[in-house]
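Visitor: Based on these hints, arrange chain P on the given structure of chain R.
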Amino acid sequence: MLNAECKNWVHHFRRKWIALYFAQITALSLAIALILICVCAILFSVDFKIWQLLPSFVAVFIGFIIFKPTWKITVNEAAKYLNANFLQLEESSSLCLKPEDELTILEKLQLQKITQHLPIRGALDKAWRKFWLCVLAFVVTLVGAYLIKNFYGHEIIAERYHISKNSDLAKKETILPQISNFQINIIPPNYTHKATRSQKTFAIKAEWGADVKWNISTNIAVQKLRLVFNDKAFLSFTKVNDLKWKLSKTITQSGFYQVEIDGKRSDLYQIEVVPDLPVQIKITKPKIQTTIDVGQIPKVDLSVNLVDDYGIKDAYISATLSSGKGEGVSFTEEKLNFTVNFAGKKNIVLSKLLDLTKLGMKPGDELYFFVHATDNHNQSSRSEVYMVSIVDTTELMSMAGMTNGVDLVPEYFRSQRQIIIDTEKLLKEQVTVTEEEFKNRANNLGMDQKLLRLRYGKFLGEESETEIGGEEHSEGDGHDHGETKFGDVQALMDEYAHKHDIAEDATFFEPELKTQLKLVLNEMWSAELRLRTYKPQEALPFEYKALRLLKDLQQKSRAYVAKTTIKAIQLKPEKRLSGELDKITNSTQKATFDQKDEETELKTVLAILEKRKINNRFEYGEKEFLQAAEAKLISAAAKQPGSFLPALKSLRKLSIAKNVSRKDIETVQSAIDRLLGFETSKPNLEQSAPNQKLAQRYFNYLKN
Amino acid sequence: MEFKYYIIIACILLGLFLFFKEISRQNKGQLIFRLLATLTMVLGFALLILPVSYNEKIEEPIGELNLVTQGVNSDTIAKISSQKFTLDSSVLKANSRSQINFIPDLVYHLQEHPSIKKINIFGYGLGDEELAALKNHQVAFHPADVPEGIISASWPKKINATSPLRLQGIYNNSSNKNIWLKLYGMGFTQDSMLVKANTNVNFSLKAQPKQIGKAVYEIIALHKNDTLANEAIPFEVNLKQQLKVLILASFPDFEYKFLKKWMYENQYEVIFRSQISKNNYSVDYLNTSTTNVNQINSSLLKKQDILIIDEDEFNALTASESVLINAAVADGLGLLIRITNAKASGLTQKFKRAETLQTTSKTTQLKDVTGEVEFNELPFEQTLFLTTSVDEQPIFRTTAGKTIVNSSINGLGKILTSTLTSTYQWQLSGKDADYAKFWSVLLNKAARKINAEQSFEILPAMLAVNDGGRLIVNSVSNQIPSLKFNNIKLAPRQNMEISYQWDARFWPSQPGWNSMTINKSDVNVFVYQNSDWEQLKNANKLNLTSNFVKKQDAIADQEEKVINTISKEVSKWWFLLLFLFSLTYLWYEQRFLSGI
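Top to bottom, those sequences are chains R and P. Heads up, the first sequence is in full-length UniProt numbering, so the first residue is 1 and it goes up one at a time. Heads up, the second sequence is in full-length UniProt numbering, so the first residue is 1 and it goes up one at a time.
A portion of the hints provided could be inaccurate.
[Unchecked claim] With a straight-line Cα cutoff of 20 angstroms, these simulated PhoX-like cross-link-like pairs (lysine-lysine) come out:
{"id": "1", "chain 1": "R", "residue 1": "K264", "chain 2": "R", "residue 2": "K232"}
{"id": "2", "chain 1": "P", "residue 1": "K93", "chain 2": "R", "residue 2": "K590"}
{"id": "3", "chain 1": "R", "residue 1": "K590", "chain 2": "P", "residue 2": "K257"}
{"id": "4", "chain 1": "R", "residue 1": "K575", "chain 2": "R", "residue 2": "K514"}
{"id": "5", "chain 1": "P", "residue 1": "K449", "chain 2": "R", "residue 2": "K693"}
{"id": "6", "chain 1": "P", "residue 1": "K367", "chain 2": "R", "residue 2": "K613"}
{"id": "7", "chain 1": "P", "residue 1": "K84", "chain 2": "P", "residue 2": "K118"}
{"id": "8", "chain 1": "P", "residue 1": "K402", "chain 2": "P", "residue 2": "K350"}
{"id": "9", "chain 1": "P", "residue 1": "K244", "chain 2": "R", "residue 2": "K590"}
{"id": "10", "chain 1": "P", "residue 1": "K157", "chain 2": "R", "residue 2": "K575"}
{"id": "11", "chain 1": "R", "residue 1": "K703", "chain 2": "P", "residue 2": "K449"}
{"id": "12", "chain 1": "R", "residue 1": "K80", "chain 2": "R", "residue 2": "K68"}
{"id": "13", "chain 1": "P", "residue 1": "K367", "chain 2": "P", "residue 2": "K303"}
{"id": "14", "chain 1": "P", "residue 1": "K303", "chain 2": "P", "residue 2": "K118"}
{"id": "15", "chain 1": "P", "residue 1": "K182", "chain 2": "R", "residue 2": "K663"}
{"id": "16", "chain 1": "P", "residue 1": "K278", "chain 2": "P", "residue 2": "K352"}
{"id": "17", "chain 1": "R", "residue 1": "K575", "chain 2": "R", "residue 2": "K264"}
{"id": "18", "chain 1": "P", "residue 1": "K278", "chain 2": "R", "residue 2": "K583"}
{"id": "19", "chain 1": "P", "residue 1": "K568", "chain 2": "R", "residue 2": "K590"}
{"id": "20", "chain 1": "P", "residue 1": "K445", "chain 2": "P", "residue 2": "K117"}
{"id": "21", "chain 1": "P", "residue 1": "K367", "chain 2": "R", "residue 2": "K663"}
{"id": "22", "chain 1": "P", "residue 1": "K182", "chain 2": "P", "residue 2": "K157"}
{"id": "23", "chain 1": "R", "residue 1": "K232", "chain 2": "R", "residue 2": "K244"}
{"id": "24", "chain 1": "R", "residue 1": "K623", "chain 2": "P", "residue 2": "K257"}
{"id": "25", "chain 1": "P", "residue 1": "K157", "chain 2": "R", "residue 2": "K611"}
{"id": "26", "chain 1": "P", "residue 1": "K57", "chain 2": "P", "residue 2": "K84"}
{"id": "27", "chain 1": "R", "residue 1": "K194", "chain 2": "R", "residue 2": "K224"}
{"id": "28", "chain 1": "R", "residue 1": "K611", "chain 2": "P", "residue 2": "K362"}
{"id": "29", "chain 1": "R", "residue 1": "K611", "chain 2": "P", "residue 2": "K158"}
{"id": "30", "chain 1": "R", "residue 1": "K514", "chain 2": "P", "residue 2": "K445"}
If you are wondering where the hints come from, they were derived from the structure by calculation, not from laboratory data. As the structure is a computational prediction, the values presented were derived from the model and not from experiment.
Chain R with its partners taken away, still in its complex shape:
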């Protein structure tokens, strides 16, 4: 009986102990996982997410379970632990675990003695203490992580992302000695959805329109504190208290600035503006010009990719439909919306199926459209204009343009048209005629098409049937290359060989015309194939296309000049052909190109700097040249601080300092070189050897 009570208590103790242990490692794992994530975030400068906590927690927890397997603790071990820790048990707690009938008298007595002390108060105190410590550790890390995320992390990340690109500038920043502390807060405009950031460097990289706030603490009381922008604009700080000053400005322009304390100016600091770009529109489908031939579905699949740096507000398709011909052209404009919620997304892929018949397009009409997009700063942009046209079959079949003017190869055109008419007729009668008859007629049409194709082939110089059409064999594939590849024996031989009788060159067409003719043949070939395989319905589009191309070809060989009205000046017949020249006098114009040669000035500065590399000082009058160069560099740096500001800094250093580094000189030199830009060559007078009497005499002898 005694035994059971005691035994229960030990078992109970063990269970509680293990449960507490699990609670401990859970808290501890959470703390360690949090620390790990923070360290990773700082080291690799990533913004950590809360879900990342779970895997790291699991990893640490499993680690604990594996390396400190407290859960494996047996009852005996628990008993041993109790023996070691509590004197009251007199090293006898293991007796509880023994079956009662195995106990000796003495053991029973001992058991009885110790059972009096049970349950021991505060047996789990140690474990509890550990647990609370772990919980405390977790709370501390939690608070720490929160602080890091909101303060330290922000700066780190801000520095990494925004200053690192001009980190060499930031590194070298020299600050006026009066400044004890400063902070610059950059508040990007609302539409960018970017958070406010603060930095401890003067070089600024800010979004267009961002508010920049300078907070400067000085170590002594100063009279006047102001900023000098681009060496010309001044902006004074307002005093917060004796040692604290502040100023804010909206940045819309790149350039550079200096801090001026009581007339003493600091180093030059760069301002770089990140402009807000309009939405980039990329139309992936369709092609810039699409023609819908007979038989094709009058639908166009439009697919657009829009990208913006801060967010897209809206986009629509502006479509213009032109219908009619000549004088009677009418335009209708329509705005088609995408049925998408943009919601300020930065990147979006849109697609829309343009149903041309719904838009009211008829054959012969043309549709012009472009995509218009607005970003969340209301900057709009538009794509190029795309065109879709539907081929007008009636126009193709008409005789207009062939009945008048030069008729180049009219019968062939009629033939192609005839084939189309016949094919359509055959299709209409398909129901009434027998299948054999149908096949026969289709085959006959195919034969006609072939004959026609052969006739056209002759224009290309094709003489045999085999050469024709099937394969695409256009200009510029394979053999007509201007540049020869290494080891191309044929090309090498061609250079020396005298070749003639190349079928392709034997005709009198221009190469452009020939390529189009080849395309026609290609279409004819496709049509013939369908006709011969008894599929006149499928052949029809190809026939139409061949006809269309042929028509284009015909139009190309014509030039058309519209009639205009002329207003001729009235002639004075009495003055004509009189041969009198007395009213004609000599005329003289005089001009002097009077521009200060700024280039020469900069060029001289280059030479001065080159000399400075060797000498230790500038000579009299050279500083004026340097000042002129400085003025140029200032205006260049105001526009492009990234590339000219370091040079300007170096130049200022050069004009003040006694010992200058070669690197500074070279920075200025390369900047001036860039300012001078590309130079075109100019003619010069060449010098010849001195004109000695001896040489002169030789020359005269040679001449005579």
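Guide: This is chain P only, laid out in the frame that chain R set:
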């Protein structure tokens, strides 16, 4: 009087006195013998004092001198069995273990050791002046490997504004590394080139210097981040010179209009005359003062550097005018004739031309004959071409090889002919650089050359600090030129054969740019550091020494033995013996023979 004459006189006197004594002696029995003995005795005495020498011819092996110079490797040194010498203290330092003796002055050393007949040179060899001292010696050269690095380099020391700086040379890369050669100047790399491992490469680097005046670029050999060589490239850029151009046009066309504008904006002095009607002209004076150009006269032509004229106007010139122009060209004026007619007539007949049929090509691609200048194509087809005769030089051709611009010489001047009529198309299509290139080449070729007041040359080409430099001046007059180097007056020496050539020696002590004044005009002289261009200098030495040896080989005595004439002195002991013997006889005769 010399000492020996005293002795001879004293001995003759002594002899005469003794002879007298012998003859005057009572006992004359042995007189002849005694006289003879006296003579030999006096002779012996005299010869005891006076040395007697004779000449002897002996055959002996020649003396050799092993001279170790820079670039020699230790294996080669170890192989030399006999004594080694060097002129270079750096060699001494580098090979301190192998016993090498130092010769401070080769000429002195050779004088001191006349037995040295043959000199073995190991390593890169010797310079010009040291080799001159070995002229009378047999020289054998054991060259070291060609040094690794830039072994040859050349670039113009002075270039005109806007023309590029071209640096050419040879890089010997015998290592297993790829090496980048970079031309560095004005703070950035102007041009670069890769030299592959184990190659000997002719390199050519180009830069477009923008400064006016002096500059020192650098050529840098880099392997990854290792700088293998860094040498100075000093050069100067001249100020742009103003050209004076006279254009005579039969009628103003676009080509003239654009050319005029281009020259005007580049501040050249241009007079443009175009005919309105007979003897009536429209004249533009650009950047210049007005003068009467209705009549062409010699003073007008003398002032101009180049005359541009079209064919029609050239043929319409009066006889006197064309004679004047011809004379002016012979005197240096440049003449550029624009050939526009397919049929030759009049004065321009001598410029042969050919017209081709229009083809389908719609462009003309131009090519410089030297291949240095490249152009974008012109958007029209050129059909009129020139044929180049024997005394003409083509300047521009189409890529098909048909000549467009020809050049010929007339006296001091040049006559250029061009059939290209629409170069302004380049400007219209925004290819201003091509337009400028084309006209620059044309005008540079044609324009009058200005005569320099003097020319000068400095030797050696890469003058180093504390090395003796030699300045050679060619002046126009025969007057003594006044020469100053860094404000120190130099003493010129006139060339014995060429009266206008003078030279002077000077010793630069400062590296970098030094100033030299030649007859009031200042020129700049760049003085290198002693360590600059070391590999190039070594390669030069290698060439010099092997050339020298080749020349010597032809004349050198190849015998291993030489016959020497040596004067030998007769030993004084012989005369002492003779002297004593005579004395003994005289004493013995008196004592034992005469007493009887």
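Visitor: Hints first: check each against the structure and report whether it holds.
Guide: Results of checking the hints against the structure:
With a C-alpha separation of about 15 angstroms, the suggested pair K264 of chain R and K232 of chain R falls inside the 20 angstroms cut-off, and the hint holds. Restraint check for K93 of chain P and K590 of chain R: not satisfied, since their Cα atoms lie roughly 74 angstroms apart, outside the 20 angstroms limit. Of the supplied pair hints, the one linking K590 of chain R and K257 of chain P holds, its CA atoms being roughly 15 angstroms apart against a limit of 20 angstroms. With a C-alpha separation of about 54 angstroms, the suggested pairing of K575 of chain R with K514 of chain R is violated against the 20 angstroms cut-off.
Taking the CA atoms of K449 of chain P and K693 of chain R, the gap is near 17 angstroms; set against the 20 angstroms cutoff, the hint holds. Straight-line distance between C-alpha atoms of K367 of chain P and K613 of chain R comes to about 41 angstroms, which puts the hinted pair past the 20 angstroms bound. For the given pair, K84 of chain P sits about 13 angstroms from K118 of chain P by alpha-carbon distance, which is consistent with the 20 angstroms threshold. Straight-line distance between C-alpha atoms of K402 of chain P and K350 of chain P comes to about 18 angstroms, which keeps the hinted pair within the 20 angstroms bound.
Restraint check: the Cα-Cα separation between K244 of chain P and K590 of chain R comes to about 15 angstroms, which is no more than 20 angstroms; the hinted pair holds. In summary, the hint linking K157 of chain P to K575 of chain R is not supported, as the alpha carbons are separated by about 66 angstroms, beyond the 20 angstroms threshold. Taking the CA atoms of K703 of chain R and K449 of chain P, the gap is about 18 angstroms. The hint holds against a cut of 20 angstroms. Restraint check for K80 of chain R and K68 of chain R: the C-alpha separation of about 18 angstroms stays at or below 20 angstroms, so the hint holds.
Note on K367 of chain P and K303 of chain P: the hinted pairing is violated, with a Cα-Cα distance of about 33 angstroms set against a maximum of 20 angstroms. At most 20 angstroms may separate the alpha-carbon atoms for a hinted pair to count; K303 of chain P and K118 of chain P exceed this at roughly 65 angstroms. In summary, the hint linking K182 of chain P to K663 of chain R is supported, as the alpha carbons are separated by about 18 angstroms, within the 20 angstroms threshold. Only pairs whose Cα atoms come within 20 angstroms are accepted, and K278 of chain P paired with K352 of chain P is rejected, the gap being roughly 29 angstroms.
For the proposed pair K575 of chain R and K264 of chain R, the alpha carbon gap of about 80 angstroms is over 20 angstroms, so the pair is violated. A threshold of 20 angstroms between alpha carbons decides the hint, and for K278 of chain P with K583 of chain R the separation of about 13 angstroms falls inside it, so the pair holds. For the hint linking K568 of chain P to K590 of chain R, the alpha-carbon distance of about 98 angstroms lies beyond 20 angstroms, and the restraint is violated. Distance restraint check for K445 of chain P and K117 of chain P: the Cα-Cα separation of roughly 56 angstroms exceeds the 20 angstroms cut-off, and the hinted pair is therefore not satisfied.
With a C-alpha separation of about 41 angstroms, the suggested pair K367 of chain P and K663 of chain R falls outside the 20 angstroms cut-off, and the hint is violated. With a CA separation close to 19 angstroms, the supplied pair K182 of chain P and K157 of chain P stays within the 20 angstroms bound. Among the hinted pairs, K232 of chain R with K244 of chain R is inconsistent with the structure: their alpha-carbon atoms are about 25 angstroms apart, more than 20 angstroms. With a C-alpha separation of about 41 angstroms, the suggested pairing of K623 of chain R with K257 of chain P is violated against the 20 angstroms cut-off.
As the CA atoms of K157 of chain P and K611 of chain R are separated by approximately 17 angstroms, the hinted pair is consistent with the 20 angstroms bound. At roughly 30 angstroms between alpha-carbon atoms, K57 of chain P and K84 of chain P are farther apart than 20 angstroms, so this suggested pair is violated. Among the hinted pairs, K194 of chain R with K224 of chain R is inconsistent with the structure: their alpha-carbon atoms are about 33 angstroms apart, more than 20 angstroms. Note on K611 of chain R and K362 of chain P: the hinted pairing is violated, with a Cα-Cα distance of about 51 angstroms set against a maximum of 20 angstroms.
Straight-line distance between C-alpha atoms of K611 of chain R and K158 of chain P comes to about 17 angstroms, which keeps the hinted pair within the 20 angstroms bound. With a CA separation close to 46 angstroms, the supplied pair K514 of chain R and K445 of chain P exceeds the 20 angstroms bound.
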